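A.B. asks: Protein chains in written order, with the working numbering: chain B, 1 to 482; chain G, 1001 to 1438.
Please keep in mind that the hints were generated in silico from the structure rather than gathered at the bench. Since the model is a prediction, treat every value here as computed from it, not as a measurement. Check before you lean on any hint, since a few could be wrong.
What the hints assert, rightly or not - Only pairs whose alpha carbons sit at most 27 Å apart, straight line, appear in this in silico DSS-like list of lysine-lysine:
no.	chain 1	residue 1	chain 2	residue 2
1	G	1206	B	317
2	G	1206	G	1278
3	G	1268	B	228
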Amino acid sequence: MFGKKSRKQPKDPLVRKLMDIVGENEVLYLKEDLVAYECDGFTMSKGMPRAVAFVHNAEEVSQIVKLLNREKVPYIARGAGTGLSGGATPLGGEVIISMVRMKRLLHVDLENRKAVVEPGFVNLKLTQSISDRGYYYAPDPSSQYACTIGGNVAENAGGAHCLKYGVTTNHILGLEVVLPNGEIVEIGEEGIPDRPGYDLIGLLTGSEGTLGIITKITCKVLKNPQGKKTVLAYFDEINDASQAVSDIISAGIIPAALEMMDQTAIHGVESGAHPVGHPRDIAAFLLIEVDGIEAGIDDQMNEIVEVCKKNHVREVKVAQSEAERELWWANRKTGFSAMGAISPDYLVQDGVIPRTRLPEVLTKIGEISKKYNLRIANIFHAGDGNLHPLVLYDARVPGEAERAAKAGSECLKVCADAGGSITGEHGVGIEKKEEMRFIFTDEEIEAQTNIRAVFNPEDLLNPGKLFPEPGRCVEVKRAKAQ
Amino acid sequence: MISSDLEGVLPKEQIIHPEGEPHVLGNGGAQIIEVLSEEDISKVLAYANKYEKTVNIIAGGTKRGYGGTLEQADILLSLEKYKGIVEHSVGDLTLTVKAGTTLQEISEELAKSGQRIALDAPWPERATIGGILSANDSGPKRLLHGSGRDLVIGARIVYADGRVIRTGGKTVKNVAGYDMNKLFIGAMGTLGVISEITIKLRPLPKYEGLALLHFPNGDGENIRDFAVQILDSMMEPVTLEVLSPAMSEELMGKNAYTLAIAFEDQEKAVIYQENWVKENKPAAAELTVLHEDEARGWWMRFRHIGPNGHNDDDNEANTQAAFKIGTNNLDVIPAIETAESLASEYNVSVQSHGGAGHGISKVFIQGFPEDIVSFSKALRAKIEEKRGYVVCIHAPYALRKAIDVWGEKPAYFPILEGIKLANDPKRILNRHRFVGGI
Chain B
1 MFGKKSRKQP KDPLVRKLMD IVGENEVLYL KEDLVAYECD GFTMSKGMPR
51 AVAFVHNAEE VSQIVKLLNR EKVPYIARGA GTGLSGGATP LGGEVIISMV
101 RMKRLLHVDL ENRKAVVEPG FVNLKLTQSI SDRGYYYAPD PSSQYACTIG
151 GNVAENAGGA HCLKYGVTTN HILGLEVVLP NGEIVEIGEE GIPDRPGYDL
201 IGLLTGSEGT LGIITKITCK VLKNPQGKKT VLAYFDEIND ASQAVSDIIS
251 AGIIPAALEM MDQTAIHGVE SGAHPVGHPR DIAAFLLIEV DGIEAGIDDQ
301 MNEIVEVCKK NHVREVKVAQ SEAERELWWA NRKTGFSAMG AISPDYLVQD
351 GVIPRTRLPE VLTKIGEISK KYNLRIANIF HAGDGNLHPL VLYDARVPGE
401 AERAAKAGSE CLKVCADAGG SITGEHGVGI EKKEEMRFIF TDEEIEAQTN
451 IRAVFNPEDL LNPGKLFPEP GRCVEVKRAK AQ
Chain G
1001 MISSDLEGVL PKEQIIHPEG EPHVLGNGGA QIIEVLSEED ISKVLAYANK
1051 YEKTVNIIAG GTKRGYGGTL EQADILLSLE KYKGIVEHSV GDLTLTVKAG
1101 TTLQEISEEL AKSGQRIALD APWPERATIG GILSANDSGP KRLLHGSGRD
1151 LVIGARIVYA DGRVIRTGGK TVKNVAGYDM NKLFIGAMGT LGVISEITIK
1201 LRPLPKYEGL ALLHFPNGDG ENIRDFAVQI LDSMMEPVTL EVLSPAMSEE
1251 LMGKNAYTLA IAFEDQEKAV IYQENWVKEN KPAAAELTVL HEDEARGWWM
1301 RFRHIGPNGH NDDDNEANTQ AAFKIGTNNL DVIPAIETAE SLASEYNVSV
1351 QSHGGAGHGI SKVFIQGFPE DIVSFSKALR AKIEEKRGYV VCIHAPYALR
1401 KAIDVWGEKP AYFPILEGIK LANDPKRILN RHRFVGGI
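Take the sequences, apply the hints, and build the full model.
C.D. replies: In structure tokens:
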């Protein structure tokens, strides 16, 4: 009731100016409306935005950016809010520019294998829009039914099938971007590759919304493979499963996907919404998919089965129907949320290691689990060494959330020490800012912030993300105070 | 004097004082410094930066005629002897290598483990990995395997002030921080000297096949229709490269437009796809099929056509130049036809090829300098009508001044310049080598 009344007369003059640009009904500013924007899929850090403005085109974005520059107000572009590292989470006081109304599929040119979308267009919808003609968009993050392609570009999203097909950056041909000075520029016009100039598409992809606001995307689309075969391989020893992963790759086979899950994770997914009936007593399973020309698939699969047998596999099952295959993938793709069935809370990590180091890293993660007395489930893209340790905890138990965060950070340290990275696809965001120091020196971080300054000199666009800052303690205090 | 200064920085055996006329391709240096280690690179740049000496960068010299309006810099930094494999992790399918290593040296080493870098850039025995990536060179197989930007996962870069900055890492997936690797690929050495590169590998194909379709009537529409048909099928060609009649003539003695369709897969899958081509090809098109060594040999010959920085002719009438054209994928066919018709109009000889599935074409041209200039202007005007671009990837120094190597500056040029100044504030590295005179 008081909401309606004050909606007519927002006190904040900035809100009125935002309304002038996007329309009166397209700005949220009441606390009860803003709560939903306090965080993204990473829920351990929250901040209240000043307002949320829903934009409809690049021109509106440009006007808002210019306004906020004049007013020196920080701002964040946000898609579906499915990010897992806090990249779209306010520290407090930012204006959120929501891209969700910019959700049109603008153009499809299958002969030249490209499609042009607005940033709010949902990932899976692109594949759905072209599947009747046998085409698809390859990057398939687990949240693809909800996440937007704009957000995928900002985070350089991955997915289960990037082992063979690459991550988002390998599938982006062109971008229209509103720069932090409000200028609208087109890079990679027409989606034509290698235009003269530094690779700004490559730089912007994965820049976590700190270099510009993407307003149009030209994506590469692919033709469906002729054939596809999916198998589950059950192992009694986790090391055997890890070794099988290395041996498959060493045998010269690049499967479309090569996923792994350990026993704790299997208990989770079997208690979740899409149980497959995996044996509860196995140590791990591999979910392996090969695709390509049908005539060659059986030979590939036979080689894979041989490798698994050499590594003492208990059983190998081939999906007998598309329905069975889809169930296996649903079981895998809802793996994170299925942890809710066996634990009140969980924290997802996203370390990457050279895949030959899998056995030792998994052993060390087991030790971390014991040290902090918290279960850690492992669901991961084994083929490319991208681990997702899920630290299970109960936030109601005092101190447990903090312990979980420490255990998660320690997992990343183990990955970094094994020659890996702290994030393979979820991004740094707020969550892993400090962990950037595990892999980069101060000078190397400065080389990156110098590039940020070229685009975003006043650091008004998504401030406080991605890089550790000397003033961090001050910021934490401020966030807590709010 | 600068030479004595540098002798204090590196042993004098590593410093060469070139005599005689500057190189016909320009991009030289008053002194040539041969570096043997990353530390050497670092010392030379720290020195050059301090005293504001300009530095040109070279290794195999295959890209010497690519861009650049400086005939001589103060220093020509040569990475030709800075070579070798640092780490090959077979199980991880990754390789770390020094920038001056040639693509052939790398390929030979990796083949021992059944692996490869999936880059089929030209002149592999001369072209170094650092040069290929700096110039973002590629070959027909980028259709399936991607180009340098899709393969590099990490690097060590010596910045203009001599500091060594690591970018990326050693894992095939990594989104920590900005994807700084991308900045240095295709930057023409203007942002730093690539010292070491970590790159994703691919297994060597189990079996290779090559279907060559000759179109005797030279009808672009026929080629286009068949390219569309195969792209819309579920075949998985590794190349869909259109060759001009003159290029086909040189490679196969057949003066006809040719479509080179490569397959790499299990043997059964390769044979299946070749049969598909046989059954679906236009009746008038003549088919030649090559396998394994024959196919590899054909591609190796393909990679040895065009200028390489060492094969320019003194005779003015045989002046050579090369252009890279970017278009929509299927506009490659009209682009090559345009080059053909302009060649007769401007009295130059042309060989060209382009990928109907990836949009990059190359045109190699020979003739009198003034005709090459006229040809290049007409070519650019035509290609830009369809929003494509033309870049001159090889021309003698004197000619480069008359040809607009990079074309118009992009609208976002201030960002490019900002990036340049962030990395190299005194503009010492490959000065004026890149777009807009960066």
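A.B. asks: Now, for every hint given, state plainly whether the structure supports it.
C.D. replies: Hints and how they fare:
For the hint linking residue 1206(G) to residue 317(B), the alpha-carbon distance of about 26 Å falls within 27 Å, and the restraint holds. Of the pairs offered as hints, the one joining residue 1206(G) and residue 1278(G) holds, with about 22 Å between alpha carbons and a cut-off of 27 Å not exceeded. Among the hinted pairs, residue 1268(G) with residue 228(B) is consistent with the structure: their alpha-carbon atoms are about 16 Å apart, no more than 27 Å.
This entry satisfies every hint, going by the numbered hints stated previously.
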